[in-house]
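Participant: Sequences listed follow chains A, B and C, in order. Take the first sequence: its letters are residues 1 to 254, numbered as in this note's numbering. Take the second sequence: its letters are residues 1001 to 1186, numbered as in this note's numbering. Take the third sequence: its letters are residues 2001 to 2423, numbered as in this note's numbering.
Since the hints were made in silico from the structure, they are not lab data. The beta carbon of each residue, even a glycine, is placed where N, CA and C say it ideally should be. One thing to keep in mind: the hints can contain errors.
[Said to hold, decoys possible] Not the full set, but computed from the structure, chain B residues with beta-carbon under 7 Å of chain A:
| # | residue |
| --- | --- |
| 1 | L1024 |
| 2 | V1025 |
| 3 | I1026 |
| 4 | A1028 |
| 5 | A1055 |
| 6 | L1056 |
[To be verified] Simulated crosslink set (DSBU-like; lysine-lysine; CA at most 30 Å straight-line):
| # | chain 1 | residue 1 | chain 2 | residue 2 |
| --- | --- | --- | --- | --- |
| 7 | A | K90 | B | K1176 |
| 8 | B | K1075 | A | K90 |
| 9 | B | K1182 | A | K99 |
| 10 | B | K1092 | A | K106 |
[What the hints assert, rightly or not] Ranges of calculated distance between the beta carbons of each label pair, as one might list FRET restraints:
| # | chain 1 | residue 1 | chain 2 | residue 2 | range |
| --- | --- | --- | --- | --- | --- |
| 11 | B | V1074 | A | A88 | 15 to 25 Å |
| 12 | A | T42 | C | T2406 | 32 to 42 Å |
| 13 | B | W1117 | C | V2207 | 57 to 67 Å |
| 14 | B | G1128 | A | A85 | 35 to 45 Å |
| 15 | C | P2190 | B | E1116 | 53 to 63 Å |
| 16 | B | L1068 | A | E89 | 25 to 35 Å |
| 17 | A | E143 | B | I1044 | 35 to 45 Å |
| 18 | A | E143 | C | L2387 | 52 to 62 Å |
| 19 | C | R2017 | A | W250 | 30 to 40 Å |
| 20 | A | K33 | C | T2283 | 32 to 42 Å |
| 21 | C | V2207 | A | T93 | 40 to 50 Å |
| 22 | A | A85 | B | I1044 | 30 to 40 Å |
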Amino acid sequence: MRKFLLAAFALGFLGAGPGVAADAPTRPLPQEKWSFDGVSGTYDRAALQRGFQVYSEVCSRCHAMHLLAYRDLQALGYNRAQIEAFAAEKEVTDGPDDKGNMFQRKALPSDRFVSPFKNEQEARDINNGALPPDLSLIIKAREGGANYVYGLMNGYVEKPADSKIPDTLYYNIQFPGNHLIAMPQPLFDDAVVYGDGTKATLSQEAHDVATFLAWAAEPKLEERHRTGVKVVIFLVILTALLYVVKRRIWDRVH
Amino acid sequence: MVDTARNGPTMAHEEDQASRRDFLVIAAAAMGVVGGAIAVWPLIDSMSPAADTLALSQTDVDLTPVALGQRLTVKWRGNPVFIDHRTPDVIKAAEAVDISVLRDPETDEARVQKPEWLILVGVCTHLGCTPLGQRPSDPRGEFGGWYCPCHGSEYDTSGRIRKGPAPLNLAIPEYKFLNNTKIRIG
Amino acid sequence: MAVPSAHMPPAQNKLVRWIDHRLPIFTFMQHELNDYPTPRNLSYWWNFGSLAGIALVIMIITGVFLAMDYTPHVDLAFDSVERIMRDVPYGWLLRYIHMNGASFFFVVTYIHIFRGLYYGSYKEPRELLWMLGVVILLLMMATAFMGYVLPWGQMSFWGAKVITNLFSAIPGVGKDVVMWLWGGFSVDNPTLNRFFSLHYLLPFILVGVVMLHLIALHQHGSNNPLGIDRKGSQDSIPFHPYYTIKDAFGVGVFLTIFACFVFFAPNFLGDPQNYVPADPVRTPPEIVPEWYFLPYYAILRSIPYKLPGVIAMVSSLLVLFILPWLDTSRVRSAHFRPIFKWVFWGLVIDVLALGWAGAHKPEGTALLIGQLATAYYFLHFLVLLPLIGWMERPLPLPTSIAAAVTAKQSARAQGAAAPMEKP
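Modelling step: build the complete structure from the supplied sequences, incorporating the hints.
Facilitator: Laid out in C-alpha cells, this is it:
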C-alpha cells in the first residue's frame, strides 16, 4: 500500500503542471484479491459484516442505498432479531393515518434502507451542490468495480505542491479526469471499531466496505456461480454426447 | 477379401454399432429432455411471489391502542383484518351459542387464542366484499358482529355466519402473540 | 453410394392420421424435415441460421417473463429491473440471459451474414431470401435499440436521445418527426412507454419475416460451400437426421459458450454507465452504443455533418439490399474466386476496424481510421464487387457436389490407407 502511494505521488508529481492538478495520470487500478473473484468466488461473511458496519457508521451519513431492504441483511448471516434491531434504529415516514396526516414510525425489515436525506435537493444543499451517489450499484456502475472503489478510498494522497484546489474539492489520485472529487476522505485508520476485533486500518476498512458494496450490487453472485458450474458441466457433457451421435450418424455418409 | 470373413464378424460388428448408436441417441435425447425441463423451472418459478411480496406476508400489530370494546382494522396481504377487543359479556354470549344451529359449526374457543382478542380476515366468505361493523357508526346486523352490505350476510360476535348467503365463518388468519400486547399475523 | 434414407412409412398411428387429415402438420413435417433434400457438403458455417432461430426463441421467452415484472415508467423502470435482479425468483437469470442473449443473437446473425457473403448465398435464385434477411437484421436492430432504452440507465437515455435526434436531419419535417417519435419535447415517459410496446411487438413481426425467410429458403434449398447447384439425389441427404443432429450439436456448443457469459461474466459486454439511473441533465463522458452497433456508429460519426452522416449510416445497410445486383460474378462461392476471397477478408477487417473506431471518441487516430474504413466499406460494395465480378477468372468448378465430395474422400483415404493384406 505504501509503495502504491509513493508511486502515485511520484507519478502525480511528475505529471502535474504548475497550478493545475489535471495533468497527473490516473493511478492504475489496484489488483486486490477479492473473495468473490473467479468462477467459484463467494462473499466472505465476516468481511460483509465489517463492511456493513463501515457503511452504517461512516458512509450512510451521506450515501443512500435505496435498493437494499433491511431483510436483505439475512445474507450477511444476521438473524431476524438483529435485523429488526438494525431497522429499528431508523425511522420512516408512513401514512396518511385516519386523520390524513403522515407520521414517523420505526423501520421494519421489509423497509428499504433509509436515506440520509429527504430528497436530491436536500442532499445537494448540504454537500455544496454535489450529490453523493446512491451506493446500491456503485460497484457495477464504475469501471474497475471493487478495485476502483478500494483504490478510491486509498487515493487521497498528498496533492501536488503548487496546485490550487477549491475548498469544496479534494485531490484523489484514483478519481479519473482532473482528480478533484467532491467527497472528503471518508475512511481513516480506526474510523470504526470492528465488532470481531479485526484491526481497523484504512486498507482493511476499504477492503471490507468494497466487499459489502460488491454484495449489495450483486447479491445473487453466489447462487449464480453455483448454478453456473452445474449448467456448464451439464452442457459440456450433453454437447460431447451430441457430437458422438453426430459422428455416428454421419458415418453412414462419409 | 475372403467372403466368409465378411459375413460373420462384420455383421455382428454392425449390429453392435447400431445398438451403441441407439443407446447414445437415447442418452443424448434423455439429457436434452431433462435439460429442457430444468430450463423451464426458472421460468415458472419466476412467477411465484417475489421476496419483497413475501416480506410483506407478515404484519406485526401493536394491540395497546385498542381499548376494551373497540375494533381495529389492519391491512394484511392486501386484505383487511378485523381485530376486536371483546368485553367479558360479549365473550360469554359468543361461547353460549349452540353450535348445532350454525351453518359452519365452530365453537368460539376454537376461533381465538385469547378470548378477549378476536382476529378475523375481513373478507365475506360469500363473494369477497368487506363486511361493515368496524366503525362505531356501522350497522352490525342482528347478531352484533358484522354485516355485509353486498348480499346481506350477517356474522355474530365470533365472526360466525348466522344469516344470509355466505357459506362459511369469517376466516381466522394465522397469527401468534409475540407478547401480551403484540401479535404477528401471517 | 446410395445413402440410406430416413424416410418414414405412412403413419400407422390413428390419432396422427386423424389430425393430419384435418391439419396436415405431420405431412408438413415429414416433407420439410425427412424428405427435404439438403446438400451433403454443408460445413459448420451453415449452423448459424438455426442458432439465430434458437436465439430468437430464447429472447422471446425470457422477454415475456421479464415483462411480467418490468414497469415502463421513467420513475419506476430502473428500480423495477433491480427488483427483478434481487427479489423475483430467478429474475437475475432471466435478466442476464435476455441481456447477453441480445449480444449472442447478433454474434450468430453476423456470422450467418458473412457466411452468405463468402459463399454467394445472396445470388440467383436466392435474392429475395437475402433481402428478407436484411429486413430481419433491421428489425433486430430496431428491437435491440428500443430494448436497451427500457432499463432507463444513463446509456439507455442518452443513446435514445442521440439516435432519435438523428431524425431531425430529415430536411423540412425532421423536427416534427422527432417530436412525433418522442411524444413530447424530449426523450421522456411517453417515449419509454411506446418503446416498451414496440419492443414487445417487433419480435413477433420478426418471427413472421423469419417464416417468409424459411419459405424462400425451402424453394430452392440451401446453398453449399462449393456454391454449385444440386444436380441429383446423389448430391443431397435428407435434413433429418443429418442436419437435425448437426444443428443440435451446434446448439450445444452455442449454449455452453452462452452459459459461460451468463453465469460467469454477465456484464462483460455491457457498459457500467447503464447501472447509473438516467439523468437528463448530466451527459455521460462517452456515449457509446452496445458493441453490435459500433460499426454503424463509426460510419455515422465519420462524416462531420449531420445529414450526410445519417445518410451514410443508413446507406451502409441499404447497400446490402442491392448486393445481389452489385456482385457481377457468375460464380457463387469464394472457394473458386481467388481475388474475391481476399477482398472478402478485407471487408471483415474493415468491419472490425469500424467497430473499434465506433468505441472511441471521433478524434485523432480513431476518427481517421473510422473515415478510411467507412470509405473502404462503400468502395467494397459499390466498386470492388462489380469490378471483381467482371475481371476475375474463377477457378474451374467441380462437375457436381457428389463428385467433389467423393474426390475429397478418396484423397483422404489414399493419404491414410494401410496396405491391404493379400489372403
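Participant: It remains to establish, for every hint, whether it holds in the given structure.
Facilitator: Status of each hint after checking the structure:
Satisfaction of the interface hint for L1024(B) is found here, the shortest Cβ-Cβ separation to chain A being roughly 5 Å, below the 7 Å cut-off. Interface restraint check: V1025(B) against chain A, minimum CB-CB distance 6 Å, threshold 7 Å, status holds. Evaluation of the I1026(B) hint against chain A yields a violated restraint, the C-beta minimum of about 10 Å exceeding 7 Å. Interface restraint check: A1028(B) against chain A, minimum CB-CB distance 4 Å, threshold 7 Å, status holds.
Restraint check, A1055(B) versus chain A: the minimum CB separation of about 4 Å is within 7 Å; hint holds. With a least beta-carbon distance of about 6 Å to chain A, the hint placing L1056(B) at the interface is held under the 7 Å criterion. For the hint pairing K90(A) with K1176(B), the CA-to-CA distance comes to about 26 Å; that is within 30 Å, so the pair holds. With a CA separation close to 23 Å, the supplied pair K1075(B) and K90(A) stays within the 30 Å bound.
Among the hinted pairs, K1182(B) with K99(A) is consistent with the structure: their alpha-carbon atoms are about 23 Å apart, no more than 30 Å. Of the pairs offered as hints, the one joining K1092(B) and K106(A) is violated, with about 38 Å between alpha carbons and a cut-off of 30 Å exceeded. Between V1074(B) and A88(A) the beta carbon distance is about 19 Å. The supplied range of 15 to 25 Å therefore holds. Range check, T42(A) to T2406(C): Cβ separation about 57 Å, and the 32 to 42 Å hint is violated.
Checked against the hint of 57 to 67 Å, the pair W1117(B) and V2207(C) passes, with Cβ atoms roughly 59 Å apart. Against the hinted window of 35 to 45 Å, the Cβ-Cβ separation of G1128(B) and A85(A) comes to about 39 Å, which satisfies the hint. Between P2190(C) and E1116(B) the C-beta distance comes to about 56 Å, which sits within the given range of 53 to 63 Å. Roughly 34 Å separates the CB atoms of L1068(B) and E89(A), a value that falls within the hinted 25 to 35 Å.
Take E143(A) and I1044(B): their Cβ atoms lie about 37 Å apart, and the range 35 to 45 Å holds. Between E143(A) and L2387(C) the beta carbons are some 45 Å apart, a value that contradicts the proposed interval 52 to 62 Å. Distance hint check for R2017(C) and W250(A): the Cβ-Cβ separation is about 32 Å, which falls inside the suggested range of 30 to 40 Å. Separation of K33(A) from T2283(C) is about 36 Å and conforms to the stated range, judged on CB atoms against 32 to 42 Å.
Distance hint check for V2207(C) and T93(A): the Cβ-Cβ separation is about 48 Å, which falls inside the suggested range of 40 to 50 Å. Checked against the given bound of 30 to 40 Å, the beta carbons of A85(A) and I1044(B), roughly 37 Å apart, stay inside it.
Consistency with the previously given hints fails for numbers 3, 10, 12, 18, ordered from lowest to highest.
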